[in-house]
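**Q** The primary structure of each chain is shown beneath.
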Amino acid sequence: MVNDPQGVTSSGGLAPEEDASPDSAPSAGQLRRLGGGVTRHRLLLVAVVAVAVLLAYVRADSPVIATQAIVTGLLIGGVYGLVAMGLTLIFGVLDIVNFAHGAFLAVALFVTWWLVSSVGLHPYLTMLVTAPVMFVLGYAVQRGILSGAMGKPLENQLLITLGISLVLENALLLFFGANPRAVRLPGNQAVGVFGAVADLSRILAFVGALVLAGLLFLVLQRTRLGTAIRAVAANDAGAQLVGIDTRRIYALTFAIGTACAGAAGTLVAPLVTVEPSTGALFNIVAFVVVVIGGMGNVVGALVGGLVIGLAEQLGGVFLPGQSPLLSIFIVFVLVLFLRPQGLLGRSS
Amino acid sequence: MTQTATVDRAAPTPLPRRPWNRHLVAIGVLAVVMAPVPLVLPPSQQAIAVRVLILALMSIGWNIMSGFGGMFSFGHASYFGLGAYTTAWLLVQHHVSPWIGMASGILVASLFAVVSGFLALRYRLKGAYFALATFAFAEMFRLLATNSDLVNRAAGYHVPLQVDESWWLLQFAPASPNYFWIALAFVVLALVISVAFLRSRTGQFTLAVRDDQDAAAALGIAVTRHKLTTMALSAGITSVAGGFYVQYYLFIDPDLAFGSAVSIQAILPAVIGGVGTIWGPLVGAVILGPLSDVTATLLRNPPEFLAFLAGRGGLDVMIYGLLLIVIILVLPQGIYSAIRERWFRL
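Chains as they are written, first to last, in this note's numbering: chain V, 1 to 348; chain D, 1001 to 1346.
Hints listed in this document are in silico derivations from the structure and should not be mistaken for laboratory results. Just so it is clear, CB atoms sit at the ideal spot from N, CA and C, and this is done for glycine as well. A couple of the hints might just be wrong.
Claimed, not checked - In silico contact screen, one side only, chain D against chain V (beta carbon under 10 Å); selected entries:
1. PHE1074
2. GLY1127
3. ALA1128
Turn these sequences into a full structure, and let the hints steer you where they fit.
**A** Pasting the structure below:
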């Protein structure tokens, strides 16, 4: 598992979706179950990414710049993938467009920062606190607030999660102030990766995200709870008929999704400035990733994360002087218009 | 009563059959009653009143597309920002009157709404996908404006100060009641347009499309054309709010024009007041507008138990969020609709 990321970067990012499958072996089987049209779109995706990477090498002043962009892009893409997995899980099971996902990540960021600066924990150890805390928070939010809007029109749920994100983000602003903070990782240093340079914290965040993503995938595929979650996603009325407590599954799924955001918050804490608005940025990216991967498709989210990480960094090569987010939105709008069901189709 | 409704689309808005004249009379009464307000209020509260009117104008625009049209927009910042930037660019770079600037803003915003709307409909974006697409467009405008020299990058525009008051340049002394009257005139006009739209053939067809698109199409209603008309009208009204915003605050930058907070400001008043009603956005704006000043006053001289929050920001938006959650859960039809059902029928 630890060696796989090395393999990912060595392939030069030519085909990130091929990187995802060996890492989480069952995904290949799951993707095979999808129709032939999806295979065609997967090939198209591989081709587009390959062309983009090649063009980046042509366009960049020196190959080192392009390699650096690809390595950085794939590393952060893994984290995007983890954030988006939580979001897409929530969408697939609860049919909720969750605008609060980034706010949960921001809460985890601040919990991490507080534990590191006040208690003196090692940044990565705080995950033992953030993930469970966010799990409980997610469970409580779903049970207390969102359950009242289940089955209501999409807009109502969207507005409620928007309200939750406004409350959380501004509560952080109110209690911690707007001053940016930082979490320092002891022993953080630059490491050479295939001719490029990356901070150890980025590499560890990537590895951690892939491990957690694999774990989540195993939970979904191999446990009773995971089977129940997939059953509810596929057909909630049917799941109820065979004796699954769907309301409990809704709450647990939302909690697991939120815990993903929490774990991701801890992983990215050493990479980003800790401020209330950081979560919103990840929220935007996660939406893009979810749509690209196909709403509700967990493996697609991971692949989409890598693609978007690449798009962000290659955007810096193709559109110098523009914000890296712009290339993300261009990819987003193209995918929305041309293939709103996602590049990898939807799987329950 | 409180549980039956939805934000929009699914439940037909219970509009009485011939309420038009009563609505117009109510709008007239509103104009007459509100007109002397700036003469009574102290300058600081006049600023709040103008902000309420700008919020109302944005939200009346949003309500036409998302309430009457049933197309949930999460990107009205696009139209607001295009109106603001068109006005500011023409004024600062080319010394064109803001009146012409706002008229051009309407054209630019409506044109963009039609083009982007056509693409969205052409590729059949619905529900969440449609909302996300509108959001993506607004964010793209924000990023482009932040990074392009054509519109001064992140610095934005400062409107040059005039020595004398001028109607043509829409600039008055800071405490002048003229700002309020102009904003009030815009809001009254927007309300009249809302009523006129609803009573028109186009408006009725739009409601039919919202309530059941397939049935409407089967009856021969041109679905795409009516949706695009609704979007253009909505964008035009919201863009005027943007143009006036620049003139009133004398400043605009990419975040103030295209930020996601702007889109949220267009949504909240309508949702809290009542989506798909004529008066909802105004009612919501009257509730939301003064909130940030109330909380700012509270935090400037906080009571004992809140002393640790002195000087912090964020409380106002936090209350917006709480209000939003409570309204959706308890009064999904909005405050105005709840009042209307309980006490009187307008």
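**Q** State for each hint whether it applies.
**A** Results for each hint:
1. PHE1074: 8 Å, holds
2. GLY1127: 5 Å, holds
3. ALA1128: Constraint on D:ALA1128 satisfied, holds at 4 Å.
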